[in-house]
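Taken in order, these protein sequences are the chains called E and R.
This note's numbering numbers the first residue of the first sequence as 1 and each following residue consecutively.
This note's numbering numbers the first residue of the second sequence as 1 and each following residue consecutively.
None of these hints come from the bench; they were simulated from the model.
Keep in mind that a hint or two might mislead.
Stated by the list, open to error - BS3-like cross-link-like pairs, simulated, lysine-lysine; straight-line CA separation at most 25 Å:
(1) E:Lys42 / R:Lys41
(2) E:Lys1 / R:Lys64
(3) E:Lys1 / R:Lys105
(4) E:Lys104 / R:Lys55
(5) R:Lys20 / R:Lys64
(6) R:Lys41 / E:Lys1
(7) R:Lys105 / E:Lys68
(8) E:Lys1 / E:Lys42
(9) E:Lys104 / E:Lys42
(10) R:Lys66 / R:Lys20
(11) R:Lys105 / R:Lys55
(12) E:Lys104 / E:Lys1
(13) R:Lys20 / E:Lys42
(14) R:Lys66 / R:Lys14
(15) E:Lys42 / R:Lys14
Computed from a predicted model, the values in this text were never measured in an experiment.
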Amino acid sequence: KQEVTQIPAALSVPEGENLVLNCSFTDSAIYNLQWFRQDPGKGLTSLLLIQSSQREQTSGRLNASLDKSSGRSTLYIAASQPGDSATYLCAVRDSGYSTLTFGKGTMLLVSP
Amino acid sequence: GAVVSQHPSWVICKSGTSVKIECRSLDFQATTMFWYRQFPKQSLMLMATSNEGSKATYEQGVEKDKFLINHASLTLSTLTVTSAHPEDSSFYICSADGTGGSGAKNIQYFGAGTRLSVL
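Extracted from the complex, chain E is given alone in its bound form:
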């Protein structure tokens, strides 16, 4: 059964720092991996989707990489801002399945 782990569980940084969020998964036979953002009490906002054949995806200040063979993905946030404060979730879609397996998330706080 697929297991997804996110490290760190929480992160507090001053504004302007570059930071890296980590996601690891146990079964490398994945179809795609997705990073989401969730604000308190809100639904999910999809940030980046990486297909299994891709190595990375970029959107603005966000860059996500995927190393399928080692079961790892990282989300890089450049020049962090207070508005980036949220919980970031990593989810994996296994090959041949339609369900997603979520990590527990990284709670990010960016202080002014």
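Given chain E, put chain R in place with the hints provided.
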């Protein structure tokens, strides 16, 4: 882009009543929809997979008779929490699996969630 609408966004009900939550894919058809539950400061836990025209597939530990799922059309799935109790209070989120067009295949699109509070 693909949009999934979930309604209501917040519901408060008395213990023992039933609550229905709707999940609609607005600009694409979804043969498969999913229902998740999220407790405070926890991640999303899949409750069930809803397939259009057939019975839902429930995850282990989820009571079928308590959480009734109906997926009667290609754009609508409903979750009914029957005889709700305070322990059912949670954040419920639905998603729809894209089948093409506005909703790309093999990508789940999420609703905004429903916060259920049972008094």
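Contradicted hints - numbers only: Hints 4 and 8 not satisfied by this model.
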